[in-house]
Amino acid sequence: MDLTFSTSELAFRDEFRAWLEANPAGQSPEGEDAAYAFRTQWQRRLYEGGWAAVHWPRQFGGRDATLVEAAIFYEELARVRAPIPANVLGILLGGPTLMLWGTEEQKDRYLIPILSAEEIWCQGFSEPDAGSDLAALKTKAVKDGDDWIVTGQKVWTSGAQYSKWCMLVARTDQDAAKHKGLTYFLLDMEQEEVQVRPLRQITGESEFNELFIEGARIPDENVIGGVGNGWKVALTTLMNERAGLAFGLQVALKIGLDKLTEQASARGLMDDPAVADKLGELHLKCEILRLTAYRGLSTTMKYGQPGPEGSLTKWMWSETNQQLAQAAVDILGPEALLSDSPWAYGLLRSRGNTIEGGTTEVLKNIVAERVLGLPRMR
Amino acid sequence: MDLTFSTSELAFRDEFRAWLEANPAGQSPEGEDAAYAFRTQWQRRLYEGGWAAVHWPRQFGGRDATLVEAAIFYEELARVRAPIPANVLGILLGGPTLMLWGTEEQKDRYLIPILSAEEIWCQGFSEPDAGSDLAALKTKAVKDGDDWIVTGQKVWTSGAQYSKWCMLVARTDQDAAKHKGLTYFLLDMEQEEVQVRPLRQITGESEFNELFIEGARIPDENVIGGVGNGWKVALTTLMNERAGLAFGLQVALKIGLDKLTEQASARGLMDDPAVADKLGELHLKCEILRLTAYRGLSTTMKYGQPGPEGSLTKWMWSETNQQLAQAAVDILGPEALLSDSPWAYGLLRSRGNTIEGGTTEVLKNIVAERVLGLPRMR
Amino acid sequence: MNFDFTDDQHEIKRTARDLLTNRSPFERVREAAESGAYDEAAWKELTELGWAGIAISEANGGQGLGTVELVILLEELGYACAASPFLSNSMAGLMIEHAGSDEQQAKWLPGIADGTATATVAIADQGVARLVPDAEAAAVIVFVQDGAATLVERGDAEVEALETIDPTRRFARVSASGGDPLTGDVEGGIARCEAALAAEMVGIAQRAMEMSVQYAKDRQQFGTPIGAYQAVSHRCTQMLLETEGARSATYFAAWAADSNPVQLPLGAAMAKAAASDAARNVTASAIQVHGGVGFTWEADLHWLYKRAQLDAALLTSSRIQRRRIAHASAAAVTPTA
Amino acid sequence: MNFDFTDDQHEIKRTARDLLTNRSPFERVREAAESGAYDEAAWKELTELGWAGIAISEANGGQGLGTVELVILLEELGYACAASPFLSNSMAGLMIEHAGSDEQQAKWLPGIADGTATATVAIADQGVARLVPDAEAAAVIVFVQDGAATLVERGDAEVEALETIDPTRRFARVSASGGDPLTGDVEGGIARCEAALAAEMVGIAQRAMEMSVQYAKDRQQFGTPIGAYQAVSHRCTQMLLETEGARSATYFAAWAADSNPVQLPLGAAMAKAAASDAARNVTASAIQVHGGVGFTWEADLHWLYKRAQLDAALLTSSRIQRRRIAHASAAAVTPTA
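Chains H, Z, G and D, in that order, give the protein sequences. Residue numbering for the first sequence follows the numbering used here, starting at 1 and increasing by one per position. Residue numbering for the second sequence follows the numbering used here, starting at 1 and increasing by one per position. Residue numbering for the third sequence follows the numbering used here, starting at 1 and increasing by one per position. Residue numbering for the fourth sequence follows the numbering used here, starting at 1 and increasing by one per position.
Worth flagging that the hints you see were computed from the coordinates, not collected in a lab. A few of these clues could be false.
[What the hints assert, rightly or not] No farther apart than 30 Å at their CA atoms in a straight line, the calculated lysine-lysine pairs in the DSS-like style are these:
(1) 44(D) with 302(H)
(2) 217(G) with 217(D)
(3) 107(Z) with 140(Z)
(4) 302(Z) with 13(G)
(5) 138(H) with 217(G)
(6) 178(Z) with 217(G)
(7) 178(Z) with 217(D)
(8) 217(D) with 138(Z)
(9) 217(G) with 232(Z)
(10) 140(H) with 217(G)
As the structure is a prediction and not an experimental result, all values here were calculated from the model.
Chain H on its own, in the form it takes in the complex (with noise of 0.2 Å):
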């Protein structure tokens, strides 16, 4: 058990830690359009420094990066405020399903591009009838002549407005049982057929969209792994590895604790042993998310497959942090529920937290069946 980082993750650390000191983010501007575009440009410079994607292989433009060393490339992003690249669904998501299920051929094509942020990539999976049932998903693809004609409505597509590339699975088989009939394509966004609504959030900004696809066309090159195969596919898409990510919005979290923590000492509250008992316990939360998301990539690492600690890091992660969002209210007072406060901010964003990304609900029903081994639900 060593719970330092090893030589050869300081030294990659450092070496992220100098680069970022050479290549400073710098502000984000103001608007979702000059945001993304700025994500867009930051991604071409970690692009350009070889840090894009660090955990692939250097084959495919990656570093061969550890898990432990992936966590760190979001942790320092995070510690230093750097945003999430642009194209975070292709590096995540979108890159590992092509080097699994894609031809030689498709990987030559479009894992470049995806690094360079020069195609970015959004994922076409829920549907407003399907929530969390990719089973009942009902977008359907009919072959005509070498393409697929595919008609649909797809929603919570983040990035969809600025994407070339969908993730799609489409029912291909109306008659095949129900998790059989399915094929996983690349839709090329670029066509009339597909239209993008943006989805109001409670925040009053537009992260998501809703997808209307009406005789889309998609040639037969793009389907990944096979005809009928879009389950399995979707599957290696949905495991993949987020747990990078997850270090990141850790130390996001633990950011945001301390801030709150020093504006309470700034202002005597720490005196108010009520205050303090609410802060000690938030920061034991935030160790205990770290501590135990380590613990599962050392799982991961050994043994190939996460542990039981593995599955609960956002189940805690999401909880905290909107707990940490109500302690700012209640010890700061009404300020912190003025429209231009971040915490004000936090408070309605992190409602999302328990709901994006599998609802806290579908998570506890995975860690019932498969980590504690119940009965399916019912």
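Use these hints to put chains Z, G and D onto chain H, whose structure you have.
Relative to the frame of chain H, chains Z, G and D by itself:
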């Protein structure tokens, strides 16, 4: 809206208070048997004073008390820390069930001995494999001439060792659908074919028992409500107003909380805002419980059935009672964990509160279905 | 003991529900929020119906009913999440009615009662009230500080508009000094305000719960309505528990205000604490039950969530309320030295 | 970064689990509790295996391994709910090993390591320690007060046996003064004790969780295993969350004790706080999952619940720990004046 007692309610209360002052219950002796004998004696005195079952009709020995008066009755008992009458199940469940479903002969035969504590009643519904699921009962009764021969096992029968009669639900038709083959009997406990085995609880006491029934005999005249009608009769028993008793529990909770508050004050601990916050929270819950319970009574009295609030008080009470016991340990420290401390007893006993009389999970199912109209649980 | 409304009170509740269902559907709430202005026509209608003066004496232009009736209206306004100066104006009315002199009452209450000269309440520390609803448009501000209150005319106060996360209501920061002192029962006035505020939050929680229950019945997942899953149905029962608990405390406080003032201070503290927690928890829970849909602007749940957060921050905080409750309870059980 | 045991440590864990499964099944725990005496033969076996001296230097008769190895054993002893003076004796060993002089170590550690002269730790206020495990049979008591510690021989202390709700362990009230001062790192010693205590509680929580999961698979209600209902299955996932969280904090504290002492004080505070909460919550939850059965003496869950309550009351309370964590965190982020 009038949240004070009316003149007649006050008169009722004052009359009972005066009686209690003239007839103090005294101190319960140590030991389960002695304590039970003491409760029997106490009920006999209540009976002689005309106070054994205030909510029963006058014609059967009661006082025609309203729901509010019954609540007052139990509040006053709890306030002077008098014990619950020994035959509480006969008074609250057995009597009212007989009044609705019994023949004239049965009423004449059984009601007065219930009141006078001459014959104690217990409840034989639960079975080891049935738990909360009445339809899964396995105990069976087979017709043999004018008698029924009963075989099976019951569990959680409190006071079985002191009881003359058991309200027994058994299966009399193996072929009928699950709910339909049940019959409600009065089982004479004084026969060798009925064996009572105490179930030791985590407190070390044995309030509850297992009942092993091997060919016990019940004459046909002890069927209540007709053969095959047991489901309906049992529902009457289950639905019967325990509200009055609940008011006693709630006063006991309040007395405990006041005591903890007094002890915390005496040690200067109220100056610790975390202690004050915790006690404030408990006082708030305690008061909300009292108010909500009275709201429930008012709704029931006016509309003939309880409103949504009426289904919540057992849940509120059980969780608050558990929180009180844990708070006492946290506030008073190790001395609250000594075997002879009432707090230590409370800590253990209160764990049963969210299980006995319907687990919190079952209560929530019922509230979800019957109050909120949500679809049947799966 | 009769913990139920009178027939008249039930009638007020029904009328209010009907009216607000028509006049303040969520489309109107959204319009008001997005335009940054209240619906003047709706406000006029409410005042013409006498709502604004419901708890103000007839002599001063009101209807002469009680805090219970006011609480009934406020619960419904909360249920509708109505965008209106009703809450602030009523709270000011309660303060002046209960702590003002005859002259002060005669001067200000008629305008409050008919809505032509609205008022508000500001809770200040060192001359500054950090969060005051509807101060910009108020004719007079009841300025409370260190347990004392003065009436400060709008022109004599420094009012700086604030943009909060709840755009269905106008807020401001108010600085003032001096003013015309209220010499009566200021504490009792504030306690009545707390009961009124609690009522709005009970209505918010009720609405969020009802929307969640409805959604849980309608929305299918894995082939069955989500309300059939205990993760959802038990969450809904928790919403019911908190909402009904807060309601019990709020009705009690309102009744105490009208009929048993000795129980008001503790009752109001309990109502505010319970309703703040209930409104915040239930609205957050409602978003969760709705899943991704609950996180969208169009689902309208966020108006309730945001209103709950702002309401909870008004007047005394729950933390302070809990301590007040604890110390009052301790004083009640501790033998006096 | 490798947050996993070494192969040797895994082997220690496996061996301990196997041994305790045989030597300390619940029947034995019950016997010890009902007879009021520990199982001498089992204690002899553990000491002969060198467990009692696992973290004591070889020079003083121990095995010279670290806090991590001790924590592994204690987690398993907690899992077994073993009735034994192991915890108290090890805590005293940690104190003397880390805060004692060479002479004190030479005098007391060999007896602690081989179990022939056991010791314990008493946390006192005004000369009285209100809850001390295994003081009656101890040869020496590490008496801690106001941050200082002395070694008090059994005969020089007033020891009054206490009957607590956890009869699987002997407790006493201890009064003393004077004694032989420990001049070394007392705070570090106590922090190590906290890590050790936390480990026992992690084991308790793990056992309660496993029993609940097993019961949820086996027990049928309404024709299906109760573990298929989210009210039960989600409760079990909550148990997992709390247990794994407490485990992360405990392993971290043990590692810090051995390898990075600067992180030990905060780490130990976190471990004790997290493990206390986890053990109390998980054992209470386990009773609930078991329903009526869980409330019976025979189900054996209560030994875990009672042990969790008593363990949580040892050393520093969670309330104080949380404040320590808060103030330490505040100090870390506040620019020094």
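Comparing the hints with the structure gives:
For the given pair, residue 44(D) sits about 37 Å from residue 302(H) by alpha-carbon distance, which is inconsistent with the 30 Å threshold. Between residue 217(G) and residue 217(D) the alpha-carbon distance is near 29 Å, which keeps this suggested pair within the 30 Å criterion. In summary, the hint linking residue 107(Z) to residue 140(Z) is supported, as the alpha carbons are separated by about 25 Å, within the 30 Å threshold. As the CA atoms of residue 302(Z) and residue 13(G) are separated by approximately 18 Å, the hinted pair is consistent with the 30 Å bound.
Among the hinted pairs, residue 138(H) with residue 217(G) is consistent with the structure: their alpha-carbon atoms are about 22 Å apart, no more than 30 Å. For the proposed pair residue 178(Z) and residue 217(G), the alpha carbon gap of about 28 Å is at most 30 Å, so the pair holds. The straight-line distance between the Cα atoms of residue 178(Z) and residue 217(D) is roughly 24 Å, inside the 30 Å bound, and the hint therefore holds. Between residue 217(D) and residue 138(Z), the direct Cα distance comes to roughly 22 Å. Compliance with the 30 Å bound is thereby established for this hinted pair.
Taking the CA atoms of residue 217(G) and residue 232(Z), the gap is about 29 Å. The hint holds against a cut of 30 Å. Restraint check for residue 140(H) and residue 217(G): satisfied, since their Cα atoms lie roughly 28 Å apart, inside the 30 Å limit.
Hint check: a violation occurs at hint 1 only; the rest are consistent with the structure.
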